[in-house]
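My request is simple: use the sequences and hints to build the entire structure.
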Amino acid sequence: MRRITVTSLAVVLTFGLILAALAGAQQAAPPPSWKQGQPANLADSTLAPIAQPPAPAALADLHVEKIKVPPGFKVSLWAHGINNARVMVWGAKGTLFVSSRVAGNVYAVIDKDGQRQVKTIATGLNLPNGVAFKDGTLYVAEVSRITKMVGIEDKLDNPPAMEMVYDTLPKDLPHGWKYLAFGPDGKLYFNIGAPCNICMPPDTHANISRVNPDGTGFEYYARGVRNSVGFDWHPVTKDFYFATHGRDWLGDEAPSDRLDVAPQKGMNFGFPYCHQGDMLDPEFGKGHACAEFVPPLLKTGPHVAGNGVQFYTGSMFPSEYKNRIFLTQRGSWNRNKKIGYRVMMVTLGSGGAPKYEVFAEGWLQGEEIWGRPVYTQIMKDGSLLVSDDYAGAIYRIAYQP
Amino acid sequence: MRGQSPRTERQEVGDRNRKDAGKHLRQCPGRLMRAPHAVAAVSSRVFLLIAVVGVLTAGTGAATAADLQAGRRKAEPCAACHGADGNASIAGTPSLAGQPIYFTHWQLIKFRDGRRKDQQMSPVAKDLSDADMADLAAFYQAQVPRGRTATLEPARIAAGAKLADFHHCSSCHRPGFTGQQQAARLAGQDYDYLLKLLRGFKAKTASDLDGTMTIAAQPLSDEDIVNLVQYISSLGATP
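In order, the protein sequences belong to chains A and B. Residue 8 in numbering that gives the first Met the number 0 is what sits at position 9 of the first sequence, and the numbering runs on without skipping anything. Residue 89 in numbering that gives the first Met the number 0 is what sits at position 90 of the second sequence, and the numbering runs on without skipping anything.
For the record, the hints were derived by calculation from the structure and aren't laboratory data. Treat the hints with care, as some may be off.
What the hints assert, rightly or not - Pairs of lysine-lysine residues, derived as DSS-like cross-links and limited to a Cα-Cα distance of at most 30 Å, are as follows: (1) B:Lys-201 <-> A:Lys-154; (2) B:Lys-195 <-> A:Lys-170; (3) B:Lys-116 <-> A:Lys-170; (4) A:Lys-67 <-> A:Lys-336; (5) A:Lys-118 <-> B:Lys-201; (6) A:Lys-186 <-> B:Lys-125; (7) A:Lys-118 <-> B:Lys-125; (8) B:Lys-125 <-> A:Lys-170; (9) A:Lys-118 <-> B:Lys-195; (10) A:Lys-154 <-> B:Lys-73; (11) A:Lys-170 <-> B:Lys-73.
Here it is as structure tokens:
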């Protein structure tokens, strides 16, 4: 009798499991990550991410003359032929290290006698967007690991092996590429993005994290951050400033991307519950209030895709530029009228809203793009380099009144 | 790790590539995405004709013709497996005819740097220059896909059609699965190859540019994969 009961129970359980599996199979399947969260009324939308060309643009297609800057500034082409050029960081001996994303490469650009020579120092990497340099060592962040190349600047033609620093990061590819930078505390900071457009992320995602350069002391620094691939520290206050890409598929005008400040560890910036500081998510916002979370310092515009964040600490530009933030916007795809594709500048005031103005634009002509600015880097002479991952080029903006 | 190609070569490569890329963008069948299925299918056929005519017309010019002719010459060693015109006949070997330039070029880059691995392709791609890849991609895009043979079952085709709709396949691969930019043309592709690749994406072992296909394949059962491949194979080269 007892045995029969157990058997019947097993049958019932098995049947139940089959039913559950069938029910599961009938649930809506996840769409491609970039399309996920798209409401039914936008299902016919033709918007899709802009494809990355497999090769850098020809010289004739680099329309440097179309880049507009404030009076007194001058733009020139500094380097080209760098497939998918992204983050730029200086080595101690004057080498500019340049990362890429889908190209999987890391480059070294040598500036010699007014000529730029490009060497590919690593290939076949997994979206190696993050590069940081300290004490002769280049650190590279891929999707799930951080590695280092010790003494790289002396071995550009025969790069050293990539040694592991930290390799237990999530392997998710959506928003899996990282920005990497050394904080004033000597720790390596990087993002772990939400593995989706909009979802309830696992506890391990949608944050900014930090780890010691020897791989110890991993901790979350900020939470509720959908995906930040650009940040910097205020030269005076040392506060942490970062840009975040807002979610897609809530229309052309919302939500806004954001620029935030996180002066201390442990703050929550609202994802996935609240966007742009004052807009509850139609699905995940239920039962929450935006007041639970830290609002943005600045709404930077819908879908603008703010990447690079850099305080100007050079000496070439007029004095009012000192400690201004250059915010580089790679530009929209999830918007019927394109927006972004420019370098903005943010002037922080004592109290009141920051001043937010265009510094360089022209990569977008009408609805056509010929380039996508992604990051900036300050040269020794105080001029500003701007990388373009779409055209595989680096521009230099100098003040020459 | 790879050495760096001389600067002059890189520059020339960039020039050529972008020219081809631009051409592709202008002619991309993806631009017809709002068209109903049947119209899109006809249009893509027209697109292919335009592409071929365009190439022939440009044959008297210098740069474009050189690219394509160079591509044709460089593709000669590939013919044994992929067919002289990019239409393969060996089961499990993909046809390359009509593949978008971005797609072929990115795959070759990945074979060269090891992100995509294959017994035959990895050694072949190892020594290709960026210019080789651009020429090859341009050559294959200009070839007319002929389609492959497969044994199909109507019930599976019908099930696959529903799955394709359900999983948004055409949002990247375009209505008619003619491909666009970095997304592969699936129409007219080899049955065994599609099966192998889709199973690879499900197993997270197939190389993926940015993770899109790996994510897309996760909810699929093997039964789903077979049905999808049956449906795609039923479309022929110019659905």
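Structure-based check of each hint:
{"no.": "1", "hint": "B:Lys-201 <-> A:Lys-154", "in the structure": "violated, 40 Å"}
{"no.": "2", "hint": "B:Lys-195 <-> A:Lys-170", "in the structure": "holds, 23 Å"}
{"no.": "3", "hint": "B:Lys-116 <-> A:Lys-170", "in the structure": "holds, 19 Å"}
{"no.": "4", "hint": "A:Lys-67 <-> A:Lys-336", "in the structure": "holds, 20 Å"}
{"no.": "5", "hint": "A:Lys-118 <-> B:Lys-201", "in the structure": "violated, 36 Å"}
{"no.": "6", "hint": "A:Lys-186 <-> B:Lys-125", "in the structure": "violated, 38 Å"}
{"no.": "7", "hint": "A:Lys-118 <-> B:Lys-125", "in the structure": "holds, 18 Å"}
{"no.": "8", "hint": "B:Lys-125 <-> A:Lys-170", "in the structure": "holds, 27 Å"}
{"no.": "9", "hint": "A:Lys-118 <-> B:Lys-195", "in the structure": "violated, 36 Å"}
{"no.": "10", "hint": "A:Lys-154 <-> B:Lys-73", "in the structure": "violated, 34 Å"}
{"no.": "11", "hint": "A:Lys-170 <-> B:Lys-73", "in the structure": "violated, 37 Å"}
Of the hints listed earlier, those the structure fails to meet are numbers 1, 5, 6, 9, 10 and 11, in rising order.
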